[in-house]
Amino acid sequence: MLFTSYQFLEFLLLLFLLYYLLPAGWQWKILLGASFLFYFYAGPVYCVYIAVTIVTTWFTGRRIEAVRAKRDNWLQEHKETISKEEKKSYKAAVKHKTWILTLCCLLLNLGILAVVKYTNFVISNLNGLLEAMGSGKSLDFLNMIVPLGISFYTFQSMGYIIDVYRGTVEAEKNPFRFALFVSFFPQLIQGPISRFGDLKKSLFAAHPFDGRTVCLGLQRILWGFFKKLVIADRILTGVNTLIHNPEIYDGAWVLVGMLFYALELYADFTGGIDITIGIAQTLGIQVTENFNRPYFSKNIKEYWNRWHITMGSWFTDYIFYPISVCKPMLKLSKFSRNHFGEIIGKRVPVYLSSFVVWFATGIWHGASWNFIVWGLGNWLVIMVSQEFDPLYKRFHDRFPVRGKFGFRLFQVVRTVLLMSCLRLFDCYRDVPLTFRMFGSMFRRGNWNIFLNGELLGIGLSAADFLVLLAGLVLLVTVSLLQRKGSVRERIAGLPFWGRFALWYGLFLAVLLLGAYGVGYDSSQFIYNQF
Amino acid sequence: MKGRKIGRAIAAAGIVVCSLALLQRILTPKVTDGIIERALIAEYYEEAKDHDVIFIGDCEVYENFSPAVLWEKYGINSYIRGSAQQLIWQSYYLLEDTLRYETPKVVVFNVLSMQYDKPQKEAYNRMTLEGMRWSASKVKSIYASMTSKENFEDYLFPILRYHSRWSDLKLSDLENLFQVPRVSHNGYYMRVDVKAAGSIPDPVPLAEYQFGSNAYLYLDKITQLCKDKGIQLILIKAPSLYPHWYDQWETQMEEYAKEHELLYLNFLECTEEAGLDFQTDTYDGGLHLNLSGAEKLSNYFGRILTEKTAVTDRRGEAELAAVWAEKLAVYEQEKQKQYIQYGVN
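Protein sequence lines correspond, in order, to chains C and E. If you use the working numbering, the first sequence closes out at 652, no skipped numbers anywhere. If you use the working numbering, the second sequence closes out at 395, no skipped numbers anywhere.
Hints were generated in silico from the structure; no laboratory data involved. The reader is advised that the hints may include incorrect statements.
[What the hints assert, rightly or not] Selected chain E positions facing chain C (in silico; Cβ < 10 Å): (1) 59; (2) 62; (3) 73; (4) 204; (5) 217; (6) 218.
[Claimed, not checked] With beta-carbon atoms standing in for the labels, derived distance ranges: (7) 143/C - 74/E: 22 to 32 Å; (8) 66/E - 595/C: 19 to 29 Å; (9) 74/E - 595/C: 23 to 33 Å; (10) 198/E - 327/C: 39 to 49 Å; (11) 266/C - 257/E: 30 to 40 Å; (12) 600/C - 62/E: 16 to 26 Å.
Even for Gly, the Cβ is constructed at its ideal location relative to N, Cα and C.
Using the sequences and the accompanying hints, generate a full structural model.
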């Protein structure tokens with residue numbers, strides 16, 4: 123059930139009616155039922171996978187709490203009789219036990235993710251190796267079902283179990299409430315990746331109908347539909363033409379393709395998240411924001427703090443920090459300082475941890491080398507940029523342009539271009555081809571395509587370009603207005619007819635200009651695929 | 051204050067409903083865009099529902115029979131509920147829809163659509179379904195006809211289907227907003243021009259000649275519905291040279307008619323008797339008859355109707371005769387107009 127399908131809208135309507143008409147105490151149960159219905163509709167078999175994750179993670183969380191409760195009781199009972207050392211050793215043993223439980227849960231669930239998502243990738247690499255060795259043999263690919271949103275719900279569940287292990291959240295006692303946390307349908311298939319501590323309060327609470335909140339939620343959904351249907355799905359035809367025919371569309375077309383893709387991806391992903399957060403808001407539930415105007419970032423590092431925020435923070439909290447401070451890393455850091463000096467020594471743990479994070483980020487996006495290279499490309503740019511810091515500092519000492527509009531604009535454009543270049547790996551999905559296409563931009567010299575009308579030959583009409591241009595202007599305007607706070611809140615302050623004109627105008631724009639229905643191949647959200 | 055708020059909300063709702071209705075009207079394709087079938091189906095509802103014969107089926111009925119001739123020559127009051135590639139379940143539901151308003155003595159069904167067992171094309175579905183008034187029959191027909199890419203909601207609110215026409219709008223879309231010109235003569239779509247039948251493509255061998263179970267299911271339903279209502283059902287195969295009507299199909303239809311004691315007429319076998327000449331009586335090389343052909347065939351069929359069914363000559367009914375007099379005048383005008391338009395003598 124795509125977010126943009128009529129079935130989904132009807133499903134939502136029915137859900138809202140039940141949610142607000144039935145007793146408030148039933149709300150979270152209704153949501154659980156709706157979430158499983160949504161998932162069941164996507165594929166009954168998928169429910170088995172998510173159920174395994176729910177049961178094992180919930181059970182592990184409860185076991186960890188039980189072990190800790192037993193520890194506390196034991197310590198309470200024996201506090202007079204045991205020494206400090208015994209106490210410490212007992213605590214360490216319990217911690218080790220909880221770690222083993224956590225590790226088992228992580229291995230099981232990440233193992234499922236790895237098997238369903240990466241087995242064929244491994245087989246394809248093994249086949250490559252076998253071929254290189256001239257063995258003449260090859261392994262058969264497996265016909266694996268990749269459950270919808272498995273990357274998202276697995277990461278969300280694993281974040282939970284690590285938090286329980288760390289003691290930052292209490293394990294949920296009710297398995298059905300925990301099931302709702304994992305399966306909450308608006309964020310199930312494209313995030314955000316929520317933390318249990320952030321979501322539980324509003325997810326399980328009773329929400330009496332609040333017209334204002336519901337209105338704000340609906341407005342956010344409408345804005346999401348505008349981005350997805352009017353911009354992302356309209357430009358999709360052009361993007362597909364360009365990236366699926368690299369033999370025809372090289373040189374300047376690559377620049378067009380990467381910029382179009384940048385717009386499509388932004389409108390698609392942020393539109394999807396707007397719909398997700400909007401749906402949650404209409405239900406009275408607060409979901410973490412996932413974007414903060416990323417295309418206004420001054421550099422790649424900042425960009426990644428503002429794009430898919432929940433994924434970035436997940437990798438930082440659950441991979442980067444643990445690796446940075448683990449014993450082997452500290453030893454390596456010490457070794458490096460001793461042998462290569464302070465400057466290199468202090469960089470080793472950061473660089474290595476970042477490398478692992480970006481490798482994981484890449485492979486999380488897809489089981490292929492292009493995603494891995496894309497992830498490592500980001501790592502390289504961030505690290506190089508970090509190394510250039512002293513140079514930048516000297517430049518700014520000499521030329522005081524920092525804060526000036528022109529320089530900020532330059533930084534923003536540079537970031538967008540850099541990100542778009544890196545995303546070519548995502549576009550072409552083939553590493554050597556990506557390098558070839560990137561190189562062709564500088565060799566081909568067919569820049570006249572911008573003037574000779576050829577742009578109208580990629581499946582987009584003049585009307586499409588007009589709509590896209592208007593959509594882009596609106597996107598930028600809203601983003602600029604967002605610097606001063608919520609645009610919806612400000613619109614809510616307008617007189618009735620002003621509000622009506624704006625929202626009804628947006629509704630008509632989606633209705634008339636949206637690329638949906640027969641004649642348009644329905645396109646699922648790009649991030650559904652990860 | 052509360053009253054003002056309610057008033058504003060009602061006004062806003064009014065603006066939304068009216069503007070959406072207007073937009074839907076503007077964006078929906080018009081007869082002037084060449085899509086006449088929607089109007090063919092819809093025009094029936096403007097009629098006095100007192101017909102003796104109802105034709106159902108695809109273009110082979112609405113282009114090959116002229117109700118004007120049936121009236122003029124035999125006093126038979128008939129109407130054609132035909133549309134392009136009308137699938138058999140659409141014919142059934144159109145018949146069901148028609149029987150809500152009247153019970154004719156005879157229903158004539160063209161069997162070419164037996165070849166289709168599954169939904170075919172959205173464009174053709176629209177031609178049949180959009181002209182129907184909303185009823186349970188229309189809903190069932192939509193569900194029976196939708197291809198995998200279609201949605202019921204698009205039929206319920208056509209603006210969802212035609213929203214993207216904004217970039218193709220013409221002045222005629224605004225000119226014909228509220229007035230739809232009539233395009234048919236009791237469901238007959240007139241063409242006077244001539245394009246003689248030339249070489250007809252050889253029939254393509256089929257993998258399967260047996261009509262599908264779904265097609266038979268709806269043929270049974272049509273048969274049963276007519277039986278229940280005391281209507282005589284006549285199965286026909288119109289005399290179109292193309293698409294090819296296979297012998298195996300003919301055998302199945304003959305057997306079906308025999309089994310159910312129905313009259314089955316394959317006009318392909320009596321073109322000479324009907325006086326049809328495919329050098330002069332077709333406007334598209336043998337696919338459909340032109341006015342000359344349709345009038346000859348109607349004349350021929352009218353005689354059969356009077357001989358083999360319970361239809362009677364109603365030319366003596368003053369009120370009906372007056373209605374037909376007007377219709378015949380329009381029919382004549384259209385003829386003359388087309389003769390000039392196509393340069394036919």
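Structure-based check of each hint:
no.	hint	in the structure
1	59	9 Å, holds
2	62	5 Å, holds
3	73	7 Å, holds
4	204	6 Å, holds
5	217	4 Å, holds
6	218	9 Å, holds
7	143/C - 74/E: 22 to 32 Å	31 Å, holds
8	66/E - 595/C: 19 to 29 Å	26 Å, holds
9	74/E - 595/C: 23 to 33 Å	28 Å, holds
10	198/E - 327/C: 39 to 49 Å	41 Å, holds
11	266/C - 257/E: 30 to 40 Å	35 Å, holds
12	600/C - 62/E: 16 to 26 Å	23 Å, holds
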